[in-house]
Amino acid sequence: SQKIEQNSEALNIQEGKTATLTCNYTNYSPAYLQWYRQDPGRGPVFLLLIRENEKEKRKERLKVTFDTTLKQSLFHITASQPADSATYLCALDPSSGSARQLTFGSGTQLTVLP
Amino acid sequence: NAGVTQTPKFQVLKTGQSMTLQCAQDMNHEYMSWYRQDPGMGLRLIHYSVGAGITDQGEVPNGYNVSRSTTEDFPLRLLSAAPSQTSVYFCASSYSNGWGVMNTEAFFGQGTRLTVV
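Chains as they are written, first to last, in my numbering: chain A, 1 to 114; chain B, 1 to 117.
Hints were generated in silico from the structure; no laboratory data involved.
Some clues are possibly wrong.
To be verified - Label pairs and their calculated CB-CB ranges:
{"hint": "1", "chain 1": "B", "residue 1": "THR15", "chain 2": "A", "residue 2": "GLN109", "range": "27 to 35 Å"}
{"hint": "2", "chain 1": "B", "residue 1": "GLN17", "chain 2": "A", "residue 2": "ARG61", "range": "29 to 37 Å"}
{"hint": "3", "chain 1": "A", "residue 1": "LYS59", "chain 2": "B", "residue 2": "ASP38", "range": "24 to 32 Å"}
{"hint": "4", "chain 1": "B", "residue 1": "GLY53", "chain 2": "A", "residue 2": "LEU113", "range": "46 to 54 Å"}
{"hint": "5", "chain 1": "B", "residue 1": "LEU79", "chain 2": "A", "residue 2": "LEU113", "range": "25 to 33 Å"}
{"hint": "6", "chain 1": "B", "residue 1": "THR15", "chain 2": "A", "residue 2": "GLY41", "range": "20 to 28 Å"}
{"hint": "7", "chain 1": "B", "residue 1": "ALA82", "chain 2": "A", "residue 2": "LYS17", "range": "41 to 49 Å"}
{"hint": "8", "chain 1": "B", "residue 1": "ALA52", "chain 2": "A", "residue 2": "LEU113", "range": "46 to 54 Å"}
{"hint": "9", "chain 1": "B", "residue 1": "ASP38", "chain 2": "A", "residue 2": "ASN7", "range": "16 to 24 Å"}
{"hint": "10", "chain 1": "A", "residue 1": "GLU56", "chain 2": "B", "residue 2": "MET19", "range": "41 to 49 Å"}
{"hint": "11", "chain 1": "A", "residue 1": "GLU56", "chain 2": "B", "residue 2": "PRO8", "range": "38 to 46 Å"}
{"hint": "12", "chain 1": "B", "residue 1": "ALA52", "chain 2": "A", "residue 2": "PRO40", "range": "32 to 40 Å"}
{"hint": "13", "chain 1": "B", "residue 1": "SER18", "chain 2": "A", "residue 2": "LYS57", "range": "41 to 49 Å"}
{"hint": "14", "chain 1": "B", "residue 1": "ALA82", "chain 2": "A", "residue 2": "GLU56", "range": "42 to 50 Å"}
Backbone N, C-alpha and C define an ideal beta-carbon position, used for all residues, glycine too.
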């Protein structure tokens, strides 16, 4: 069966450092991979999307990589700030790319310490 | 635009009761989906729709019904609530960006926290 794992349930880092979150998947061949941020009591908010033929995508302090051979995506937040504290979810999208049938990991709760 | 609006925000049901979770979007998106989120399990797809009159099952459809009579609305019905349906429910919408090109994100509502006792 399909399985998606995010490296840890919780990650604490010091302000200013780079946070690296991992998303691994098995028995799955996604065409697109997305990352979302979720704050307590709120719905997920889209951050970045990367396609299977892209190695890396950047947006401001965020960077995502996608290695379909390793079946892994890494999500980096550089120069982290306390405001970056949230739960980060990776989501796989099968070939449609329409984001209507996303499969989510369980999330990593990031805490940036001042 | 209000985006995706879910009502109610909180609900307590007794086992066996029925109810409808409402979801509306004002972005003219073709696609709408329902997810449930349980601790440690991430979001799981319940049902989704690719347009008015067209729905399909997701990973965990049992105990839930949906219909889509308009582009804007996608209600989720629990016919006979069970304690196992205690969860946070999220509705999402997404779209195709023209010329058959996909590659879009999902927009989520604020969620409905449902407790079945």
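To see whether the hints hold, each was checked on the structure:
no. : hint                           : in the structure
1   : B:THR15 x A:GLN109: 27 to 35 Å : holds, 32 Å
2   : B:GLN17 x A:ARG61: 29 to 37 Å  : violated, 47 Å
3   : A:LYS59 x B:ASP38: 24 to 32 Å  : holds, 30 Å
4   : B:GLY53 x A:LEU113: 46 to 54 Å : holds, 51 Å
5   : B:LEU79 x A:LEU113: 25 to 33 Å : violated, 47 Å
6   : B:THR15 x A:GLY41: 20 to 28 Å  : holds, 26 Å
7   : B:ALA82 x A:LYS17: 41 to 49 Å  : holds, 45 Å
8   : B:ALA52 x A:LEU113: 46 to 54 Å : holds, 48 Å
9   : B:ASP38 x A:ASN7: 16 to 24 Å   : holds, 20 Å
10  : A:GLU56 x B:MET19: 41 to 49 Å  : holds, 45 Å
11  : A:GLU56 x B:PRO8: 38 to 46 Å   : holds, 42 Å
12  : B:ALA52 x A:PRO40: 32 to 40 Å  : holds, 34 Å
13  : B:SER18 x A:LYS57: 41 to 49 Å  : holds, 44 Å
14  : B:ALA82 x A:GLU56: 42 to 50 Å  : holds, 45 Å
Of the numbered hints stated above, those contradicted by the structure are hints 2, 5, listed in ascending order.
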